[in-house]
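Since the structure of chain A is already known, use the hints to place chain B on it.
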Amino acid sequence: MATAVLAVAAATGYALLGHEAPDFALHAVGGSNVRLSEHRGDVVVLSFWGSRCGQCRTQLAALDRSFKTYHPAGLQVFGIDVDDDQGGALDFARTQALGFPLLLDPQKAVARSYLVDNLPMTILIDRAGAVRQVHRDFSSKFEPAYLQQLRVLLNE
Amino acid sequence: MPHVAHPLRFLAPQAAALRLVALVLGMLWLAPLSAWAQSAAVPPATAAPAASAPAGASTPKAQPNPSGEAPAASATAPAAGAAGAGAATEAATDTRGLDQDIQGLKKDVVDLNRDLFVLEEELLFPANTQVAVFISMDVGDFFQLDAVTLKIDQKEVANYLYTPREVEALAKGGVQRLYIGNLKAGQHELVAFFSGQGPHERDYRRGATLKFEKGIGAKYLELKINDRQRRQQPEFEIKDWE
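From first to last, the protein sequence lines are chains A and B.
So the first sequence is numbered by my numbering: it starts at 1 and just counts up by one.
So the second sequence is numbered by my numbering: it starts at 1001 and just counts up by one.
The shape of chain B in the complex, shown without the other chains:
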């Protein structure tokens, strides 16, 4: 049974257009910063010739010395060394500054991506038509989840296979958004089929149904898998978040 793609893929053209716009905006925004970063990176490379220039300039000064003694050269050497050390310190400072700028830039990109994601969700699933279905699991001793099939108004909208890692995450208290879509206001029916292994490692398949009224606002539904200790059986219910 194949994995059902993320709900956003059903609206791929709109999402792709949004991403394209975001990409272009991002590139336009990043281009000047990239140019600045390159220009900021130049000084350390040019610093070395600049630092060597005084040392080279000191050589002609030393040549006119009739004695040709070493002290003139040895006097310029510490100066050149100091200049070199200064340039190296400056270069290190520049590099640190550049690193901080890059980190800041990365953070901005992450923030921008988050904002775009929120914007995309708001555009594709407006609050007045939005329906989201979540799934959670409490304990899970009596049921090893394998797959969930979701139908809304007799139409299959999600079919999700769970890997052991995902089941483990749910058992630890994770909540997964299984489906997000749009529904018009009115009466609707949600049917969820759960398959997996029940008590004594037997194949287990159960369903849960909920008729719900979709109003003006967003609708949130939760599929809950609980252990019923008294009957030693799993229990499946659908909760309507008011």
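So that you can see chain A by itself, here it is in the shape it has in the complex:
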């Protein structure tokens, strides 16, 4: 198990793989605040995105489908907007009506703590709060593999 995790870490070069996910608290577009540590016990998907990124919107729509399917099984999804100007995120939230919260990180402190170097970037966190998978891009052809990883985490 540890060997596999190390192998993946080496393959992707993502330093947080296998480590505890850094905790954070952020404002949500809806108004309330969200703290990651309150969702320990759930499988959490963090999707870092920006309003100017076309792939990000496609990915958020795909994540919304997954969220609606697997939320009863303990899946939480948070879209984290890293725009300086929050207007784009607010417009997107109004038009798309996503089922999961969109969080605002204008100071990019959370993005820095998760070493975000590409948008969209998706991080899968297991029920114990450890970072298990990272995806630095999104394409619809990756979706089955991504769903497979999600099911594995949900079944643990």
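It is worth saying that the hints were derived from the structure and are not from the lab.
There may be inaccurate statements among the hints.
Claimed, not checked - Straight line, CA to CA, 30 Å or less: simulated DSS-like cross-link-like pairs of lysine-lysine:
id : chain 1 : residue 1 : chain 2 : residue 2
1  : B       : K1224     : B       : K1214
2  : A       : K68       : A       : K108
3  : B       : K1214     : B       : K1155
4  : B       : K1172     : B       : K1151
5  : A       : K108      : B       : K1151
6  : A       : K108      : B       : K1155
Because the structure is a prediction, the values reported are computed rather than measured.
Here is chain B on its own, set in the frame of chain A:
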């Protein structure tokens, strides 16, 4: 607005060193116990061959019997069964004992962790320089807390975002330690900014200031959010625990 990490993280090197020492001590302490637990776990595994040995030993005794009748074998069977049952009971007793030992060990680890935490706090925040700021809320009908920013001597020392669950916990009477740090003796100023939703769901931002004298002992301050029924407004105050 990002969550501000626990104050201990500002002194991470010292805390990390302490934790490392604790870990090494813990491992040294646990190693003999672990070895003992393994050795204690062996008897049930070896008990089965030991129990089967008498049954196997009875077979040569039965072979010389010229009649080759079954009674010899049937006589050894109850003996083997009794031995097996005895071994199983012994194994069950051993397992129960092992469970109790493991529970005791877990309790010791929890106690050790608590002692280390206290030790860490005493080392990092000695009583003569320690300043701790707490926050509490009474009722909270007129104010829905969103965030608190804390400044001591014009320097921001804490910035905390509250989730609905945390606000609920405060409204139920919980007290949160918002900040712990060190200050030298003398005059200091504490400023707290509270933001959230006030009456009629309007955005609300208020501040409270306290000038306090830090003496030789530890200083405890409390940010209190109260409802002022007569004015239908929230009230913010800072209490100095003497």
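Here is what the structure says about each hint:
1. With a CA separation close to 20 Å, the supplied pair K1224/B and K1214/B stays within the 30 Å bound.
2. Of the pairs offered as hints, the one joining K68/A and K108/A holds, with about 28 Å between alpha carbons and a cut-off of 30 Å not exceeded.
3. Our distance criterion of 30 Å between C-alpha atoms is met by K1214/B and K1155/B, whose separation comes to about 17 Å.
4. Between K1172/B and K1151/B the CA atoms are separated by roughly 26 Å; this keeps the pair inside 30 Å, and the hint holds.
5. Of the pairs offered as hints, the one joining K108/A and K1151/B holds, with about 22 Å between alpha carbons and a cut-off of 30 Å not exceeded.
6. Annotation: proposed proximity of K108/A to K1155/B holds, straight-line Cα distance about 22 Å (limit 30 Å).
No hint from the list above goes unmet by this structure.
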